[in-house]
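K.L.:
Throw the hints in and build the complete structure from the sequences for me.
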Amino acid sequence: MAPPRVPWIYPSLPLLSSLLLVFHASPPSTALRNYPENEANSRDSRPIYPPVTNHCVTALCAGVVTLLDSMSALADLGWEAYPNEGWEEISVMDERNTPMRTYQVCSVMEANQNNWLRTRHISREGAQRVYIEIKFTLRDCNSLPGVSGTCKEVDVGDRVLKLNTEVRDISNLSKKGFYLAFQDLGACIALVSVRVFYKKCPLTVRNLAQFPDTITGGETALVEVHGVCVNASEEFEPPKMYCSADGGWLVPIGRCVCKPGFEENKDICQPCRPGTYKASATDAYCTKCPPHSSSPHEQAMECICEKGFYRAETDPRSMACTRPPSAPENPISSVNETCVTLEWSPPRDTGGRGDITYSLHCRKCSGEGKKCAPCGSSVHFVPRQFGLSSASVLITDLQPDSNYTFTIESQNGVSDLSPTLRGTVVINVTTSQTVSVVLKERRSKDSVTLAWQGPERPNGAIVEYEVIYYEKNQREQNYTVLKTRSNMMTVDGLKPGTTYVFRVRARTDGGYGTYGGEIELETSHEDVLAIGDPNQSTILVVSIAGGIVLLIFLVTCFVVSGRHCGYIKAKQDPDEEKMQFQHGRVKLPGSRTYIHPHTYEDPNQAVRDFAKEIDASNIRIERVIGAGEFGEVCSGRLRVQGKREIYVAIKSLKAGYSDKQRRDFLSEASIMGQFDHPNIIRLEGVVTKCKPVMIITEFMENGSLDTFLKKHDGQFTVIQLVGMLRGIASGMKYLSDMSYVHRDLAARNILVNSNLVCKVSDFGLSRVLEDDPEAAYTTRGGKIPIRWTAPEAIAYRKFTSASDVWSYGIVMWEVISYGERPYWEMSNQDVIKAIDEGYRLPAPMDCPVVLHQLMLDCWEKGRSDRPKFGQIVTILDKLIRNPASLRELANSSACREDPPTPEFSVSTVDDWLDTIKMGQYKENFSSAGYVSLDSILYISVSELAKMGVTLAGHQKKILSSVQSLQTQGTHVQV
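Note that the sequence shown covers residues -31 to -1, 1 to 943 in mature numbering (1 follows the signal peptide of the UniProt record, and there is no 0).
Keep in mind the hints are simulated off the structure, nothing from the lab.
Listed next, the in silico PhoX-like pairs over lysine-lysine satisfying Cα-Cα at most 20 Å (straight line):
| no. | residue 1 | residue 2 |
| --- | --- | --- |
| 1 | LYS926 | LYS891 |
| 2 | LYS680 | LYS886 |
| 3 | LYS886 | LYS679 |
| 4 | LYS915 | LYS891 |
| 5 | LYS891 | LYS925 |
| 6 | LYS837 | LYS847 |
| 7 | LYS257 | LYS228 |
| 8 | LYS658 | LYS581 |
| 9 | LYS926 | LYS886 |
| 10 | LYS680 | LYS926 |
| 11 | LYS837 | LYS767 |
| 12 | LYS915 | LYS925 |
P.N.:
Written as structure tokens, this is what we have:
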């Protein structure tokens, strides 16, 4: 009898004369037309085999779905046999003595056998590739007489079968289901077990994204699956994975992150506990509430400020809540006629913030009743009235002989949020109080004696009187200022028969009054009578104004065509003080000019003048923290009499030094001792009277700025970085104002304390400017830090404050790039050539446009085109007050930390890490199972963090290189 005419497929099975056939369609009614019609219809109408899904959790059965398993049948399998007397369904015992249903055939005595066995219809359930596992027995009966085929292998005693197993797979299934059919051509065979199954990638959660059960694709095709973020998470990068043909998930791409108020814990997002918060989805974990804030409930996205404390809109959520500052302290007024200079100390309580500004309110008071009214627009404030960053202001255009009340208000970023005003101090000022002074004079041929009466109602105690005199018609060439505490003065050394002009004013403890009118006195050709002779004395009455002045511009002396201002001797009382003004320069009270130690004939005198001697017994050295040019650098403690111990840094001069080495070592102390600024390293003193010779400075806990930034790569906000730059610029402005050139300004020479305050240090290469602001110091050789030095300083060995500005631009680049080496691995000669050709460093990664533009301004080729340090401080102050101006980043193509370089071929993960200079993470990658280049193609930020790569800068560098690997194969962009 011929087999049914259906589209069977016959893949052969070794040791088995049966054939497996697969039918891709719903059951045809004519598939086995010789079967009884009613039976066939009844069987085809039965439910198809339900899928048996493995729910076991072992690795062996994970990801497998069984469509048919004859071993699990408890009753008849009900498969179709053709002809009926061919395949026989019987029950036997397996190797565990468990009964099972099998089909057997053993028509070995008859020739031309063609026995068919067909399963019921099997639904493929979307699988494109299925696996068929067949267990069977096959017996060779050649030993039996008259039998040429095989016989059933049955042990009559215990009916234990010895099984053979074959597994085959079929791909590219596309219809709703299929049949399996087996053909026997005359063997003695037992079909013990048939199991049909397909593989799937099991449901899993990776990077907070859930990937569902996914049926595998064809023989080699990968199935792309998009994940769904788990509870309380959101997409950071679209999550997806690929399901491989063998049922395994490949490395995930993208990730989800927990929403604000939730943190990740074992692939789920759980709410932040009370007392903690998470402000941004990109933050990894909930953190403890910052000071003066709390979160009483779960799931907090920010912490609520305590009563009286506030958080500004621009403050990061991680910042402590702050409050308005207290009042400014120690207000001082200095009156100069109709101008007033107000100075004050910062508030004792800053409210926990560093953005302190000051505003002034002016009221003019008149009459005994002190009726006051706003000053109006006629009064001017220099530099401005509101938003002052410095604790001083000059007020001009006041009315003479008037009373003013100035209210100085301290403010910070949360002052506007407070319902109550705090932080004000009031100071009263009176302009130009009029007094009368009587002058008496006695003249001789070479001297003049003056006597005067003090103010009738001085505004405070009189400190001294100031007398200025000069030859009539010669004021622009020469003048002399004398000071005395007495109300009488003899001026001698004058020319006989010469007319001199004298003016006198008084200084009280509040400041100077105005000069009185000019008095012209002529020396005689012969001596005259003593003072008191009514025939020879002249009494002059003049009116001068006295007031309260701390800071005053004295009369300017001009230089006329090469004539030198000579010094005129004057006989003074023992307590008098004389000031000489030459070259037309006038030094303001309190102003200072740097004095280079090399100008001293005895360098030790410079040390005595500018550095305090410390008793070595007051110093306790604790540990070595580094090495300097002349010896070790240690940390320790300094005991100050009447105060508690303070931490200090100690530089010691190594033994066997020469006199020159000792002078050079102590010259740095002579330089530092002249500076007093919060952004300049402070000198505590020196030890010179015993060995070892030591320089004691304040201790900076965080060390050098470049090392500190590398250690904390990517951990600061832009505002914090700008704050560091502002501090450095403020210190350099102070040095520039003192006519001082640093010459070696670099991040390595900036020290950082525990409050992130940056201070300029290392004054070994510094030089002083001449009086001419455009003059420059020319070196006599020596090494120059090429990468930080202005081109004119490299070419001509000339250094100015403008060359320090160039170096400051490099420091800005170092800070924004977290300590990256300027110009990377370029040689010094390449750097010099590139700069000369107009090349400038590109913006570092995530660099605001305004900061890179300021760098470029500092790198202008012309010295005069570069900004002054004062202008730089002003620019940075504006940026700090307006953080929104920092949001625009430089062009992404320019925001590269590395210069364009050739591609290098790599073949292993270790080679790749060495090439991108991340070799310190070799063990991390190996331990995490990333041993081939293919395995790292889809690595994510979270995976890097789990591996121990936590620095943001290193993560960016690795991921950027991975992107290059994805597009270039095994070529990595360095």
